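Model the placement of chains Y and L on the given structure of chain H, informed by the hints.
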Amino acid sequence: MTPLKLNPDRLFPAEPGVRAIARTIYHEISRLPLLSPHGHLDARLFRDNEPFSDPAHLLVSSDHYVVRLLHARGLSLDALGTRSRPGAPGDEQDHPLEGREIWRALCTHWEALGGTPSRLWLEHILSDLFELEERPSPETADSSYDHCVAMLQRDELRPRSLYRRFNLEVLTTTDPPAADLAVHDALLGDSSFTGRLLPTFRPDGVVDPNRADFTENLTALEQVTGIDLSDYAGLVRALEQRRDAFRERGATASDHGVEITTTEHLPEADAARLYRAVRAGEANAAQIEAFKGHMVSELARMAVDDGLVMQLHLGVARDYSRSVFERFGQDVGQDFPVNVEYTRTLRPMLSRFGDNPGFRAVLYTIDETLYSREIGPLVSYFPSLYAGAPWWFLDAPDAMARAFAAVGEVAGIANCSGFVDDTRSLCGIGARHDVARRSCAAYLARVVAEHRIGEDEAVALAKGYAYDTPKAVFKL
Amino acid sequence: MTPLKLNPDRLFPAEPGVRAIARTIYHEISRLPLLSPHGHLDARLFRDNEPFSDPAHLLVSSDHYVVRLLHARGLSLDALGTRSRPGAPGDEQDHPLEGREIWRALCTHWEALGGTPSRLWLEHILSDLFELEERPSPETADSSYDHCVAMLQRDELRPRSLYRRFNLEVLTTTDPPAADLAVHDALLGDSSFTGRLLPTFRPDGVVDPNRADFTENLTALEQVTGIDLSDYAGLVRALEQRRDAFRERGATASDHGVEITTTEHLPEADAARLYRAVRAGEANAAQIEAFKGHMVSELARMAVDDGLVMQLHLGVARDYSRSVFERFGQDVGQDFPVNVEYTRTLRPMLSRFGDNPGFRAVLYTIDETLYSREIGPLVSYFPSLYAGAPWWFLDAPDAMARAFAAVGEVAGIANCSGFVDDTRSLCGIGARHDVARRSCAAYLARVVAEHRIGEDEAVALAKGYAYDTPKAVFKL
Amino acid sequence: MTPLKLNPDRLFPAEPGVRAIARTIYHEISRLPLLSPHGHLDARLFRDNEPFSDPAHLLVSSDHYVVRLLHARGLSLDALGTRSRPGAPGDEQDHPLEGREIWRALCTHWEALGGTPSRLWLEHILSDLFELEERPSPETADSSYDHCVAMLQRDELRPRSLYRRFNLEVLTTTDPPAADLAVHDALLGDSSFTGRLLPTFRPDGVVDPNRADFTENLTALEQVTGIDLSDYAGLVRALEQRRDAFRERGATASDHGVEITTTEHLPEADAARLYRAVRAGEANAAQIEAFKGHMVSELARMAVDDGLVMQLHLGVARDYSRSVFERFGQDVGQDFPVNVEYTRTLRPMLSRFGDNPGFRAVLYTIDETLYSREIGPLVSYFPSLYAGAPWWFLDAPDAMARAFAAVGEVAGIANCSGFVDDTRSLCGIGARHDVARRSCAAYLARVVAEHRIGEDEAVALAKGYAYDTPKAVFKL
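Protein chains in written order, with my numbering: chain H, 1 to 476; chain Y, 1 to 476; chain L, 1 to 476.
The hints are simulated quantities; they were obtained by calculation from the structure and are not laboratory data.
Only a predicted model underlies this, so the values are computations on that prediction, with no experimental measurement involved.
All C-beta atoms, glycine included, are put in the ideal place defined by N, C-alpha and C.
Mixed in with the good hints there might be a few duds.
[Unchecked claim] Just a sample of chain Y residues kept apart from chain H, beta carbon distances all over 12 angstroms, derived:
1. N7
2. D48
3. S191
[To be verified] Label-pair distances were calculated between CB atoms; the ranges are:
4. A280(H) to A272(Y): 34 to 44 angstroms
5. Q287(Y) to I288(L): 25 to 35 angstroms
6. R301(L) to A280(Y): 33 to 43 angstroms
7. Q287(Y) to A317(L): 27 to 37 angstroms
8. R301(L) to A277(Y): 44 to 54 angstroms
9. A277(Y) to A280(H): 31 to 41 angstroms
10. S30(Y) to K475(H): 13 to 23 angstroms
11. R301(L) to A285(H): 35 to 45 angstroms
12. G250(Y) to I288(L): 54 to 64 angstroms
13. D128(L) to S161(H): 48 to 58 angstroms
14. A280(H) to I288(L): 32 to 42 angstroms
15. N7(H) to S30(Y): 19 to 29 angstroms
Bound-form chain H, shown alone (with noise of 0.2 angstroms):
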């Protein structure tokens, strides 16, 4: 048996007069409340506050980067708890057995995640949470199985314990507009619940008409809402009010994820002929391209009015495998980066809004290479951008250093707007922001290090990253 053990240095750099300063600062932030501005948990799990069944389900199966990286080894997405669209049965407890088989799957695999960011935030948990003492191996499979399920029986697993033991200060969800946000009434009502759940308005559905269920979303915004959206000016005034809707329950921010090549700002009238074009279906590719940058700034403008911050989520192709998309649906792992331009794309946006004191938006990327070339440098000029966290395969140590590199080279790490989490996996929160946390303060101790900035600046600029900046930038 190997024991399972955190060190207290991890993620910090080597070299002793180096991971010196890298406590230093990392001992001054590491105690912070979590901010968490950017999510996929199920606010649900919140309002219900049921302890979690079965360790697989909570750390494999509803974690599609391990799911990810499972399939990899061989599994195939059944194998792996992944539930078919039909039919998905809704609870865990229904596989009791199914559980035991993947995680002896993730046990025989430990070794083939080393290095992986997946792995460093499954030990934390295991370790932290669990209290598991041996390392993961097919040989203490059924042994740890047996006592990660003992486990969840403690209130300390239930989700609001977790909140409370991450210290967390603020989490968000992202949310349709078609939303009835009525587990975000529930929980704003529920005295029970200290915490802040809030949610984030993400209107993909609603602009970008290349998506399968774009009608369908049109369809349950025009029932949320009451407004006719047959015409463009529905659509608009539709929006403005879920909104509204969503800044009553405390959003602060939006999140947009529909691929643009450019941000043009149509007059009225051109947008609502494209607009009906694309509603009869009648719109050419170039129309429907046009179409969503018009849009992407049209909501730019809702964002200079009503003060929501604009997150900016591009470059992704989504649902890869056309086959497997529609036998499990989305969100299973199979969303891959593709290359992404910003400078020129946001180009017509920032001429209008990128001075306005009105406007603030957080671009974020998963092609790395925006980060010197674009991100930085568009940062470090205008005050109303800020670059966000290193995401999704980039959210780990060696990519978060590199971007800390680029960008704080660029820009300054003043101009990040501090991690996020990213996650549907409520476990991982405390591991994930513990690893930012981590690399910020190796960034920063190098740079120390290296005689750039003094080590009460490092300090200074950490606790900015990890908790100040963050605050500010998303109005928290």
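The following block gives chains Y and L in isolation, referenced to the frame of chain H:
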């Protein structure tokens, strides 16, 4: 005189603690047998097993990496021994004086090569194989040349001796479909040759209508197969027949360097029509693009059927200057990387075969932006895919460190197919694999020192990278 | 009060063994004369040799790097002293109070600049030139401002004194073809000026029809040359005549920032026809693209004839926001990198001239993906090509480390043309070169510590990079 000596710690990180870990890891892998599943040596070397006569032609003129670097220093391709296409002399012994001149050029510019992998490899070769004890310099050019000429007379430097000395277990050549493989046959039947020399099926010449020799290659294929290639069905049959012939000689892989922007599979009738247009010289650029993309997809279909592992080497502008190409032909150092895209391009092919247990592909790139953006994410999901070794301009310590850090984090190095030397330089095989193994140890040592994985895990991952994984991935 | 002090080991790697090697290398190059073969200073500074009056305008308002970073902190361009186009006051003394306000902004945001190269340069300038002994902060803003104002009265901070203090051997300006070069003439005839101030031929304005001032620039060129520019032959003759005029004033180089996607050379008649269409305002986008590409190729032809070294600076979206441009004009910090391509674009030009001993070109980029993919490979083959220094957003320690590691491996740093400061900030020249030399020493120290080259070789390569190579490459 400055001594030439290989430091046992070369390429290991300078920090003493990390270096000690790197030593430990390297110690466990440095003597594992070499697998060379992708390369460009001439099989006749091993059939004939003649001594090499001239170190300058052996180490400079026949290695386009070194020719390139010395050309940049101002030496003409002629002065470096590059043969013009018409009337190129068949062997080196015609040029003893020319060899000495070339050697002087190498010695004169030795310092300017500092920092390049070619200098590392040459140092390794000169010190280890040629037992040269002084650093090359203009002053010692003649004496070192004479020394190397004398050394080449020794049996230890004949091809088969080098094969054994490098502890090679498998060596592969790269061959067009029409290759008769007679030399491979001869070696299979030669009990005095104890190595394994396998052909690799490289069909670029008969599926890329943009190549000047396209028609010529089809004629050669027609002759070797006896199949009428005037229609598409014939082309498919001929390719299948030759793949079988290659497999009978032990081939386990195919190799593909056709530049493509799609892998859309066409209905048979459409493919047949396109092929007719292509053969008639009537296809436009878009049709040629469609044909190439379809053919790569069709070759993937064959791979599923017969089990050959597909290697994809995209993104090279070959034979850059037409006038140089016309005079000297290909592979003289004037090929350059261009930006390339895999994720969108391979989507149709991976949607069909990515999850098929019978399919396997290895993705190489010399556009390193693909490591974290495309190759890492794709191989971290698809069980059929592996990340190829950093290749050509990237097969060097710093570039490998970047590739390990990028792919290692996204996918784990368990999804890397291991090093390939991809070389035309027999003498350099040992040095190249040694650099790769040291680089792997250096990367993993850092990951251990940062407490991300245990040292025992690092050793296991290093052994996988150096031997076990390529053996399995390439079905050796 | 926190002291402001330059650490002698700044920017050297933290590991003590590597740091010791870096010190040794740096010691050998730190006092070599400075060559500045690419920059943007106003030649009148040296003709007039007036004392500067205001530190805020000198170090903030006139340096668009610093303006950019403080604008990102929320200060308007006006508040930073950026002059509007109409009625811009001619010198700084009109704004003594404004200067103090700007200085306060700098001091207030000093910490937020931490990690950027501008902070490094400012620290160097303030400590070394201005003998400021305390770190800028809001509390000490007024006293440090008064201190700097007083210092500026000293002769040592006049332009010619700074030239000598920096140990400059050559300094270059960048000038349009129609520039009369009267100031250069005056300085050539002024025996009290012992420096060398050379013009650089920058013809962008007369070969890029997309520029708003294209016609205006041609008119100016017509006036200065007396050549009728209504036909293409006139344009060629005028360019040649001005190149000669520049060369008579010591120019050794031209500079090119026209965005191009081809360098296809057209037959004279086609070029003439295109030029007519362009002048008549009748050229479409494709024709403009063809014209620009042809002109760069034609300028390369001139370079072969007259020996001016071609510098290529591609990949900038200039004057990003039209409204800001209209109010403040160019070079106010709102220029941003875009992705760029060299290999395919330059193929026609390099096929013609790449191997011509009379041709020389230096390739710059602010899209750092080009270092290992395009620039490194190209300069590692073509004797005419050199890799330009990391430029603009990349002239900083971490970005330079990445560039050294990428180009250094592919091509050897012997194929790098050395550092250019590219600056509008006279005071910053010493600091910028010092950062570059320290970064070079840091890179080579690592390579030595990893036993890839000897320390003696590293010193020789560093001297080449710092002095010998740029002197030879730029024909100084």
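Check your understanding: For the pair N7(H) and S30(Y), does the Cβ-Cβ distance stay inside 19 to 29 angstroms?
Key -> Hint holds: Cβ distance 28 angstroms, inside 19 to 29 angstroms.
Q) Should the hint that R301(L) and A277(Y) are 44 to 54 angstroms apart at their CB atoms be regarded as holding? A) Hint violated: Cβ distance 39 angstroms, outside 44 to 54 angstroms.
Taking C-beta pairs only, is N7(Y) more than 12 angstroms away from all of chain H? With a cut-off of 12 angstroms, N7(Y) remains clear of chain H, as the shortest Cβ separation is near 20 angstroms.
task = Examine each Cβ of chain H, and state whether all of them lie more than 12 angstroms from the Cβ of D48(Y).
result = It holds; D48(Y) is separated from chain H by about 43 angstroms at its closest Cβ, greater than 12 angstroms.
Chain H versus S191(Y) - minimum CB to CB distance exceeding 12 angstroms, so not interface
holds (39 angstroms)
Q. For the pair R301(L) and A285(H), does the Cβ-Cβ distance stay inside 35 to 45 angstroms?
A. holds (41 angstroms)
**Item:** Satisfaction of the hinted span 48 to 58 angstroms by the C-beta atoms belonging to D128(L) and S161(H)
**Value:** holds (57 angstroms)
Holds or violated: the 31 to 41 angstroms window for the beta-carbon distance between A277(Y) and A280(H)? This hint holds: roughly 37 angstroms between Cβ atoms.
* To do: With respect to the beta-carbon atoms only, verify the hint that Q287(Y) and A317(L) lie 27 to 37 angstroms apart.
  => holds (35 angstroms)
Consistency of beta-carbon spacing, A280(Y) to R301(L), with hint 33 to 43 angstroms:
holds (39 angstroms)
Worksheet item: In this structure, is the beta-carbon distance linking A280(H) and A272(Y) contained in 34 to 44 angstroms?
Response: Distance hint for A280(H), A272(Y) holds at roughly 38 angstroms.
Does the beta carbon distance between Q287(Y) and I288(L) stay inside 25 to 35 angstroms, or does it fall outside? With Cβ atoms ~29 angstroms apart, the hint holds.
When held up to the earlier numbered hints, the structure conflicts with 8, 10 and fits the remainder.
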